[in-house]
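Chemist: Read off the chains here:
Protein chains: 2
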Amino acid sequence: MNEDNARFCLLAGLILLYLLCGAAIFSALEHPFELRARRLWKQQLDNFTQRYRVNLGALHTLLRQYEEANGAGIRVDVLRPRWDFSGAFYFVGTVVSTIGFGMTTPATIAGKIFLIFYGLIGCAATILFFNLFLERIITMLAYIMRWCHERRLRCAGVGVVSSREESSGEEDSLEGWKPSVYYVMLILGVASVVIACSASTLYSPMENWSYVDSLYFCFVAFSTIGFGDLVSSQRQQYESQEAYRLGNCIFILMGVCCIYSLFNVISIIIKQTLTWIVGKLVCSGRHQSCSCCRPGCRQKRLKRNTVQPISSHCPAGRHRYMDGSVETVCDSETDAGAVADGVYVGRRLSGEMISVNEFMVSNKVSLALLQKQLSETAHQGPRQSYSHQNGFSGGVGALAIMNNRLQETSVDRLHK
Amino acid sequence: MNEDNARFCLLAGLILLYLLCGAAIFSALEHPFELRARRLWKQQLDNFTQRYRVNLGALHTLLRQYEEANGAGIRVDVLRPRWDFSGAFYFVGTVVSTIGFGMTTPATIAGKIFLIFYGLIGCAATILFFNLFLERIITMLAYIMRWCHERRLRCAGVGVVSSREESSGEEDSLEGWKPSVYYVMLILGVASVVIACSASTLYSPMENWSYVDSLYFCFVAFSTIGFGDLVSSQRQQYESQEAYRLGNCIFILMGVCCIYSLFNVISIIIKQTLTWIVGKLVCSGRHQSCSCCRPGCRQKRLKRNTVQPISSHCPAGRHRYMDGSVETVCDSETDAGAVADGVYVGRRLSGEMISVNEFMVSNKVSLALLQKQLSETAHQGPRQSYSHQNGFSGGVGALAIMNNRLQETSVDRLHK
Numbered sequence: 001m002n003e004d005n006a007r008f009c010l011l012a013g014l015i016l017l018y019l020l021c022g023a024a025i026f027s028a029l030e031h032p033f034e035l036r037a038r039r040l041w042k043q044q045l046d047n048f049t050q051r052y053r054v055n056l057g058a059l060h061t062l063l064r065q066y067e068e069a070n071g072a073g074i075r076v077d078v079l080r081p082r083w084d085f086s087g088a089f090y091f092v093g094t095v096v097s098t099i100g101f102g103m104t105t106p107a108t109i110a111g112k113i114f115l116i117f118y119g120l121i122g123c124a125a126t127i128l129f130f131n132l133f134l135e136r137i138i139t140m141l142a143y144i145m146r147w148c149h150e151r152r153l154r155c156a157g158v159g160v161v162s163s164r165e166e167s168s169g170e171e172d173s174l175e176g177w178k179p180s181v182y183y184v185m186l187i188l189g190v191a192s193v194v195i196a197c198s199a200s201t202l203y204s205p206m207e208n209w210s211y212v213d214s215l216y217f218c219f220v221a222f223s224t225i226g227f228g229d230l231v232s233s234q235r236q237q238y239e240s241q242e243a244y245r246l247g248n249c250i251f252i253l254m255g256v257c258c259i260y261s262l263f264n265v266i267s268i269i270i271k272q273t274l275t276w277i278v279g280k281l282v283c284s285g286r287h288q289s290c291s292c293c294r295p296g297c298r299q300k301r302l303k304r305n306t307v308q309p310i311s312s313h314c315p316a317g318r319h320r321y322m323d324g325s326v327e328t329v330c331d332s333e334t335d336a337g338a339v340a341d342g343v344y345v346g347r348r349l350s351g352e353m354i355s356v357n358e359f360m361v362s363n364k365v366s367l368a369l370l371q372k373q374l375s376e377t378a379h380q381g382p383r384q385s386y387s388h389q390n391g392f393s394g395g396v397g398a399l400a401i402m403n404n405r406l407q408e409t410s411v412d413r414l415h416k
Numbered sequence: 417m418n419e420d421n422a423r424f425c426l427l428a429g430l431i432l433l434y435l436l437c438g439a440a441i442f443s444a445l446e447h448p449f450e451l452r453a454r455r456l457w458k459q460q461l462d463n464f465t466q467r468y469r470v471n472l473g474a475l476h477t478l479l480r481q482y483e484e485a486n487g488a489g490i491r492v493d494v495l496r497p498r499w500d501f502s503g504a505f506y507f508v509g510t511v512v513s514t515i516g517f518g519m520t521t522p523a524t525i526a527g528k529i530f531l532i533f534y535g536l537i538g539c540a541a542t543i544l545f546f547n548l549f550l551e552r553i554i555t556m557l558a559y560i561m562r563w564c565h566e567r568r569l570r571c572a573g574v575g576v577v578s579s580r581e582e583s584s585g586e587e588d589s590l591e592g593w594k595p596s597v598y599y600v601m602l603i604l605g606v607a608s609v610v611i612a613c614s615a616s617t618l619y620s621p622m623e624n625w626s627y628v629d630s631l632y633f634c635f636v637a638f639s640t641i642g643f644g645d646l647v648s649s650q651r652q653q654y655e656s657q658e659a660y661r662l663g664n665c666i667f668i669l670m671g672v673c674c675i676y677s678l679f680n681v682i683s684i685i686i687k688q689t690l691t692w693i694v695g696k697l698v699c700s701g702r703h704q705s706c707s708c709c710r711p712g713c714r715q716k717r718l719k720r721n722t723v724q725p726i727s728s729h730c731p732a733g734r735h736r737y738m739d740g741s742v743e744t745v746c747d748s749e750t751d752a753g754a755v756a757d758g759v760y761v762g763r764r765l766s767g768e769m770i771s772v773n774e775f776m777v778s779n780k781v782s783l784a785l786l787q788k789q790l791s792e793t794a795h796q797g798p799r800q801s802y803s804h805q806n807g808f809s810g811g812v813g814a815l816a817i818m819n820n821r822l823q824e825t826s827v828d829r830l831h832k
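Line order of the protein sequences matches chains F and A. Quick note: the first sequence, position 20, residue 20 per my numbering, numbers continuous. Quick note: the second sequence, position 379, residue 795 per my numbering, numbers continuous.
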C-alpha cells in the first residue's frame, strides 16, 4: 500500500470516527426535544379531536392530504407561488448550486426526468464556476499579500533582506514567495463571517428569525447543505420585495463562493495533517525495520527512490533519531531523496512535517515566521524538485489550483 | 482583461442564461400541477370543515401545529425516530456530504450552533475525501486504459507502432500517453448509471416508489442536491432492516463519489469549450487589430509572450486565416509561442481549439482517434512546454488532479 492509499484510508477512517462522534453529540442534544415535540403534538391532536368530536381517522386523512399539498408548496399561511418565473428561477438556482432546499420540488414525471439532465450539466458548470472563482480569489489574495510582504521587507530595510537571503541560500527571498495557507484561510474565514453576519442582519428582521437562526440559515445555505427548514424569501409579500430578492440572491452567491473556497483551504490543512501522520507512521515503521536491518526494507526504499540510495543514510537517520529530533530523520531521508531522480517523497514529507510540527508545538510562532520557514525549507532543494513537490502535494482539487496559481503568479512576476 | 477573466465572465453569463432557460422550462412544466394541487387542497379542506362543522380558524391552528411537528420529524404515518443514534448518524452523513435532505434538522439553539462548527470541519474533510477518491479512480482508470491501449498497439503489430511513432515525431507513442477525457467521462457516466439503476431496483420495492421516482431520488441524493421530498430509509420498519440501511449507506456513498467525479470530468469539457470560445474571440479580435497594424496590438503581444515575437507572424496568420483554416492561424501563433519563453497561451489554445472543433464538427470521429490527435498535437512541441501547458490548462479543481495524476502515471511508468 503506497502513501497516497494510506492517506486515503486514514481519511476515510477519521471521517467515520467524526461521524460517530457527531451522531452521539447530536443525539444527546436533540433527542429530548424530539420527545417533547412528540408529546406536544399528541396533546394538540387529542385536544382538537375531543373539542370538535372529529373522527381521528378522518383527521389523519386530512393531515396526509396536507402533507401532499405541502409537497406542492402549499401552506396555511400563503407562501409565494412556487412555479411562477421568479419561483422557478430560485428553484433552478438551488439545483445548480446543489443547495437543494426542497421548498420547491418537481412533482410531474416530466419535471423529474428533465431535472436529471438539467442538473447534470448545471451542477458541472457551477462546480467549474466555483473553481474558477477560487482561482480568481487566490490570485487576487496572492497579489495583495505579496505586495504587503514586499512593502514590509522594504520597510525593514536592505540589511534584513540580505540576511534573509543569506539564510535561504542563493535564492532571492521573494523568488517563489507564496502566501501562507493559514493566512489565506484566515482571510477567507473573516470574509465568510462578515458575509454571514451582514446577511443575518438582513434576514433577521425580514423573515422574523432570531439572529442565531439567521446565522444557522446562512451556514446551511452557503455550505450548500440546504436543509430547507428555514428558507429565505418565501413569503408572499415583503417590504421592497424586489430589492430583497436581489439582495438574497447576491448574499447566497457570495456566501456559497466564499465558503466553498474556505472549505477547500481547510481541506488543504487537513491533507497536510494527514500527510504528516502518514509520514510519521512510515518514518517510525521504517526506522524499526532499518534497525533490524532486513533486506526487504532497503528493497522497498529502492523502489520508491528509483535509484540506488546512499547506503549510509539508514544508520545515520537512526543515529539522529536517537537524538530525539524527528525532523532530522526526515532531513536525512531528504538528502537521499535529493540525490535520487524519482519522486521526491522524502522531501515532501520533510517540508510538511516541519510545517505541521512547528504549527502544533507552538502557537507563539507567528504565521509569517512559519511561512518563512516553510518557504526556506522548500527552497533548500533544487528548483526542479521544488516545483515537482508542488505539483505532487498540490494534486488535490483546489489545492492544485492554489499551488499552481500561486506559483504562476511568482513566475509571471519573474518574467515581467 | 486577460483570458482567464474573460473565461470566468463568459461562464458566469452562460450559467445565468442556463438558469433563465431552466426557470422558463420548469415553470411551464410544473405551474399547471401547482394550480391543480392548490384547487385540490382547497376542496379537501372545504369538504372536511363542512362535514365535521369545524371552525376553519381552529383547523388552521392545528395545521400550523402540524407543520411545526413536521419540522421535528413527526408524521401521521410514524417514521423512524429522528434522533436516536442511527437517525443522528444518517443526519450527520447528510451534513458532511452536503446532501442535506432536511428530513432531520436540529431544533435546539445548541444543536444549531454546534452544527455550524461541526459542518465546517466535516464538509472540508469530505471535500478532501471526494478529491482523493477522484485521484484514486483516475489513477486506476489511467492504468487500465493504458494497459488496454498497450495491448491494442501490440496486437496491431510493430509496423503500426513504428508508423505511429513516425507521425508523432521523435516521441514514443506511449510516452506521455494520457487517456481521453471523453473516455473517462464515458466510463464514469456508465458507472453512475449502473449504480443509480441498481440502487433504484433496491429502493423501488422497499420504499414503494415508482422506478422513475427512485431514479430521481438517486440523482438528487448522489449529486448532493438533496431536496428531501423523497428520502430513503425513513419508515419505522423494513424487511431485513439492518441490511437495507447498510445497503442504503453504501449506495449513497458510491453514488456521491461517482457523480462528483462525473461532474468534475464534465466541468473539464465545459472548460475546454469555454477556452475554445474565448480563444476564437481573441483570435478574431487580434486578427482585426493586426490587419489595421496599430502599435498597441504588438505591445500587448509583447507583454503576453514576454519576448520579442517574430515580426512576420501577424501577416502570416492573417494570410492563413484567409484560407479559411482557423486552426492554422492558431498554429502560426503557436510557433511564436514556442519561441517565446513565457506562458504558452498560443499552444494551449491551439490544442484545445482543435479538440473541441473536431469534436463538434463531426460526431463520426471516434473518441480514440480524437484522443490520438489531441495527444499528437500536444507532442509536437518540446516536452517542457507540454508539461507547462498541462499545469496551466489543468489549473482547475479536478482537472488539475487529473492532468497531474495522469501525467504522473506515465512518468512513474517510465522510471520503473
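Worth flagging that the hints you see were computed from the coordinates, not collected in a lab. Keep in mind the model is a prediction, meaning the values are calculated, not measured. Think of the CB as a built atom: it goes at the ideal place given N, C-alpha and C, for glycine as much as any other residue. One should not assume that every hint holds.
Claimed, not checked - On the chain A side, residues computed to face chain F include the following (Cβ under 8 Å):
#1 LEU472
#2 GLY489
#3 ASP500
#4 ALA541
#5 GLU566
#6 LEU697
#7 VAL698
#8 SER700
Chemist: Hint check: is the beta carbon of GLY489(A) less than 8 Å from a beta carbon of chain F?
Modeler: 7 Å, holds
Chemist: Quick check on VAL698(A) please, does its C-beta sit within 8 Å of some C-beta on chain F?
Modeler: 17 Å, violated
Chemist: With chain F as the partner, please determine if LEU472(A) meets the hint condition of a C-beta pair closer than 8 Å.
Modeler: Hint violated; LEU472(A) Cβ to chain F Cβ min 10 Å, cut 8 Å.
Chemist: Regarding the hint that ALA541(A) lies at the interface with chain F, is the smallest CB-CB distance below 8 Å?
Modeler: Holds, about 5 Å.
Chemist: Next item in the hint list is LEU697(A). Is there a CB on chain F closer than 8 Å to its CB?
Modeler: LEU697(A) check fails; min Cβ-Cβ to chain F is 17 Å, beyond 8 Å.
Chemist: Report holds or violated for the interface hint on ASP500(A), using the least CB-CB distance to chain F and a cut-off of 8 Å.
Modeler: This hint holds: ASP500(A) lies near chain F, its Cβ roughly 7 Å from the closest one there, short of 8 Å.
Chemist: Grab the minimum C-beta distance from GLU566(A) to chain F and call the hint holds if it beats 8 Å, violated otherwise.
Modeler: 21 Å, violated
Chemist: Does SER700(A) hold up as a contact with chain F if the rule is Cβ-Cβ below 8 Å?
Modeler: Hint violated; SER700(A) Cβ to chain F Cβ min 23 Å, cut 8 Å.
Going through the hint list in order, the structure does not satisfy hints 1, 5, 6, 7, 8.
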